[in-house]
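Student: Residues per chain, in single letters:
4 protein chains.
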Amino acid sequence: MAGNTFGQVFRVTTWGESHGKAIGVVIDGCPPGLSLSESDIQQDLDRRRPQDAPVSTPRREPDKVEVLSGTFEGMTTGTPISLIIYNKDVDSRAYETMKDAFRPGHGDFTYQKKYGIRDYRGGGRASGRETAARVAAGAIARKLLDQEGITVRAYTLELAGVRVEQVDLDVIDKNPFLAPDLDAVSQIEERIEEIKEAGDSAGGIVEVVVRGCPAGLGEPVFDKLDAELAKGVMSIGAVKGVEIGVGLAAARMLGSECNDEITPEGFVTNRSGGILAGISNGDEIVVRAAVKPISSIEKEQRTVDINMKPTTISVKGRHDVSAVPRIVPVCEAMVRLVIVDHLLRQRTIPFQGA
Amino acid sequence: MAGNTFGQVFRVTTWGESHGKAIGVVIDGCPPGLSLSESDIQQDLDRRRPQDAPVSTPRREPDKVEVLSGTFEGMTTGTPISLIIYNKDVDSRAYETMKDAFRPGHGDFTYQKKYGIRDYRGGGRASGRETAARVAAGAIARKLLDQEGITVRAYTLELAGVRVEQVDLDVIDKNPFLAPDLDAVSQIEERIEEIKEAGDSAGGIVEVVVRGCPAGLGEPVFDKLDAELAKGVMSIGAVKGVEIGVGLAAARMLGSECNDEITPEGFVTNRSGGILAGISNGDEIVVRAAVKPISSIEKEQRTVDINMKPTTISVKGRHDVSAVPRIVPVCEAMVRLVIVDHLLRQRTIPFQGA
Amino acid sequence: MAGNTFGQVFRVTTWGESHGKAIGVVIDGCPPGLSLSESDIQQDLDRRRPQDAPVSTPRREPDKVEVLSGTFEGMTTGTPISLIIYNKDVDSRAYETMKDAFRPGHGDFTYQKKYGIRDYRGGGRASGRETAARVAAGAIARKLLDQEGITVRAYTLELAGVRVEQVDLDVIDKNPFLAPDLDAVSQIEERIEEIKEAGDSAGGIVEVVVRGCPAGLGEPVFDKLDAELAKGVMSIGAVKGVEIGVGLAAARMLGSECNDEITPEGFVTNRSGGILAGISNGDEIVVRAAVKPISSIEKEQRTVDINMKPTTISVKGRHDVSAVPRIVPVCEAMVRLVIVDHLLRQRTIPFQGA
Amino acid sequence: MAGNTFGQVFRVTTWGESHGKAIGVVIDGCPPGLSLSESDIQQDLDRRRPQDAPVSTPRREPDKVEVLSGTFEGMTTGTPISLIIYNKDVDSRAYETMKDAFRPGHGDFTYQKKYGIRDYRGGGRASGRETAARVAAGAIARKLLDQEGITVRAYTLELAGVRVEQVDLDVIDKNPFLAPDLDAVSQIEERIEEIKEAGDSAGGIVEVVVRGCPAGLGEPVFDKLDAELAKGVMSIGAVKGVEIGVGLAAARMLGSECNDEITPEGFVTNRSGGILAGISNGDEIVVRAAVKPISSIEKEQRTVDINMKPTTISVKGRHDVSAVPRIVPVCEAMVRLVIVDHLLRQRTIPFQGA
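Protein chains in written order, with my numbering: chain L, 573 to 926; chain P, 573 to 926; chain C, 573 to 926; chain S, 573 to 926.
I should point out that these hints are in silico values taken from the structure, not numbers from a laboratory. All the given hints hold, so there is nothing to weed out.
Copies of the same chain look alike in the list, so a pair counts if it works inside one copy or between any two.
Taking lysine to aspartate or glutamate and the EDC-like style, the derived pairs with C-alpha atoms no more than 20 Å apart in a straight line are:
1. 685 with 856
2. 888 with 833
3. 660 with 638
4. 593 with 638
5. 871 with 672
6. 593 with 612
7. 685 with 833
All chains, please: the whole structure from these sequences, using the hints.
Tutor: Have a look at this one:
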């Protein structure tokens, strides 16, 4: 009800504020018998960590995860898995200036309206930091999907106006933008540097591809696989649009252009993005998320204070130029959570007694 | 779990197949004391009914709704409201030819994979007919929103490649395409006619605008208002993309272009589409859905039969050229359901004892 | 949220008022491929029907069920199954006198307090009639359990102070009290007749036994199998107490008396009632429900009217002397719903990739 | 789905094993603006702590709770509240002997059957230790209920065959058995000592009384207030029976004896236990739980090992003679959780726009 839980069988509940004691996640419904260690999860968190790139914030988050429950002798037991990441490098002073002024484009205003109180330090619960808990849960989902031969990979498709021209999954982790095209990297770097100089920020597009997903996942009519993917991806702070397969382009296609013909060898094309009538068709699932530029910018902007009096704000301090590289693993995690959840839901479908 | 229920407080469960005895919906959680008659619901269903336009199917669906429970002397009582629409004009013969061949772009293939059995007549549960139940539930949501001064209006923003140039809500119901711009109508008509001649189909874009929504709706972090809207809209069969506010354009904006500055009079712009950090900010909420062309086309396409043997298919019979005009009221209904649900969820937030 | 749905995978939503147009139920999550006809369900409803016995009301309810969706050519398809029972023999005049006075022991007072409005005719939603919908859903659960070799049988253990002395499942349907002991029947009859003469009503105890249930069902820690059974059975209007296995007697036992020792052949005793730590142990599951006497009695009682003014009430008309025989199939249905739901939930547990 | 979450609006998710690193709980849906400190919660945990009495285990559990999220400057913010209790005094050696043998009356056998793996140390997840997390969550519920003028008090009604003869709430915390009758204490002590000598254990009954609960809480038809209370209380490990109001005695009453007449001053009697048709009627809510004797006893019992080979077991070590005093605060906590949840659910009912 209060929205901090995702999934129906593989249920993920995150908690924690950016500048509180810790953040964490409880995963309820993970099948027993899965080998799981802290390092399995740490490797996914490390990928999300700020890297030595102009796009990223200088804040050094150790993001050291601990497994507090749900495993025994290195195996999951079917009981809730509790993961915790203590907040170490917390400097709230920079945020004191934001205590009373609402940052444009941020949740400051809406949290205040909703709850009448907010932890303004570092964005509190609305901070991107909350997504570390999602990535941690997503690492467990990844291990489950590995067993089923399903891989989920996300990458930067476009950043600061530069679109990649090829997709080479092997190079994603070899550049700070998590782009699948090294040729695009220098262009992105250049553009990011300009924007940084201008005290501004940049948006982009993340693409996620799922391979090896069996046909049959997704629940008509409201919990369609694409509906759940849309929810999962749109629940990431900065995302303003979600596409499946050809996405928005579908609006300008003819039926004969958009349908994927079928042959005994499989679908001839994949405009559907691997989902038909909300159910996976066995083809690659393709999801894209449009990410808005980071709201916290140095450029001065008009806003109001907590008493609705006019003021201006210039957000200084440790801020990324673009959230896109950090959102890549979060999109990956959310898609994994959706796929694992539906894989487990699908197990209740076959009528085994028949 | 099986996906036929939407909402947490205002819970809507739809049931029924296109060519079964009836379709219907149970609404659990509607507050008591709301004046409600069958004609309140009928007027929304009538809007969805095929009209005398080239875009629509000649099937005459009476779509006569009956209220079976949950009201007493014309008022809701707080108990479940059961609505039923009997299927009258059902001619399944045309569908016999599709019994064994999977229509490209349809759920035929995926339902078969998921369940091992399917009601192939008229698309069964995957038929657009299911959405009549959503529209019926949406009519009750509309009545609740009226009381709160919230209006939700949807219209065709683009159809068959023709984009409207102005938005006049008063003309939406005066043209068969539910377009808010009468100047665009003749162009659309012309284009639709050509596509029909070619045995093909067309996509488009639906836009939904919510006015009067208070700030504070939406639950961080997973049940953000935009995440739920995305799910609700993406759960409509033909939708392949969802945007909030500036949507995909956000990817190419700078922070200074995308942020909405705030003044004591309110937000200067509305690029956010009325939602910040997943919570409504009091401004207009703007959602767009990209609708793919109808999959059932007369143009011959390659496919396989139930034994995965190659064949071809040409879908004749009573089919729309575009689903867009029918999807307009469905988008409207889904957005209403999300808003009402979150309005009721928000009532659990304030700490009244403090 | 509003409480008209039961179960997590096998989800049952009931609707309808005693004197409304119809009552019904939507079952979402029934596996596909189950053979299902209206007569399968009708036979369970017929068992619940008033019989020619002094215990029962003379109202002739045809309780004719119709399957409106979810099956195709006699098989379930995995889509929601909608069942409807039209209310035919409805005479609301007798209830007009109760319009303003709250019947002691009834929901009249609390519905009014909760909703500020109520359908007072025949108890409205609070009527025992609602349980016909549960029995209908339970019939589908029965068919699924049959396939798994699980049987659920309920019977009258005690009625009007007369306790059965033996349990012969074969005679349950051969007497109007659904007692498993024909010797007890004449005693019960006699006692019921006396109570009827006195314008009063009687309580009793229903026992339910589940055979063939595999070990492993039930979800720690809150959704324990016994916790869910307690909820399911306590959700039946007149039930005031629920016991598992030795039940309340456990409070006076020593550990050495209460524990069930284990041998390679199985448990030596079954004081636990087939459930350990909330999970089925493979033994017989035993549940008992204490049923209070029917609240509507002819004996005059003090009460207040809708304006809280004192008055008296004597409920005349068609009322049972005891609800026990009607509650027997309802208990059976609720236990079936719990077992089926947990059977399906258990399918998500094994880690198949390991 | 996996059962570690309780409640719909005030959602409580517990995690942790008896001999793992820590146990904890995440509370999602707590209203903002509630003053909350660690000492508020600690006082409830302290009550649950083993005391210097023969009934209790010598294990010294510090049970020091930490609040990790969800509060800001001493107030709740509406975001998830994460509580952690590190396990400090953990000596698993005593449990090594139980690694392979299933203790009769315990979850050892059923966990193994359900999951194929189990953390056998100290009962793992099935340990009573898990209930500390419930008590911690219950303390927050208590603070909310305080604001509404609702008090929930539990006490030992019967222990080891000794029933209290009077209920004086003031003395509950002045004796190690949490009995409301000091005269009964010496009898209980004596009886407990005898049972301890015999290497055996004892059961009893816990009673919970709710005062100040407004009429109108509880959701027909499945989520009746009594049904939810039954589930909540039965979800406590050792509980085998639940009663509301007169409970099982209702089975032998006549309607005229069981109904509570109503006068302008209120209900004349309270046989219903404050709940009519599943909805609170404004009177005192009375719930009783029958607690079985602790399963771990020193007396030798027959059992089987993990390979189903016969063996015997005598459970030595730090075990209580009766779980009843420890279960008293857990029952209190569960009832509080149910009442708070339904209080918040009730807020979605009134139709404010009418």
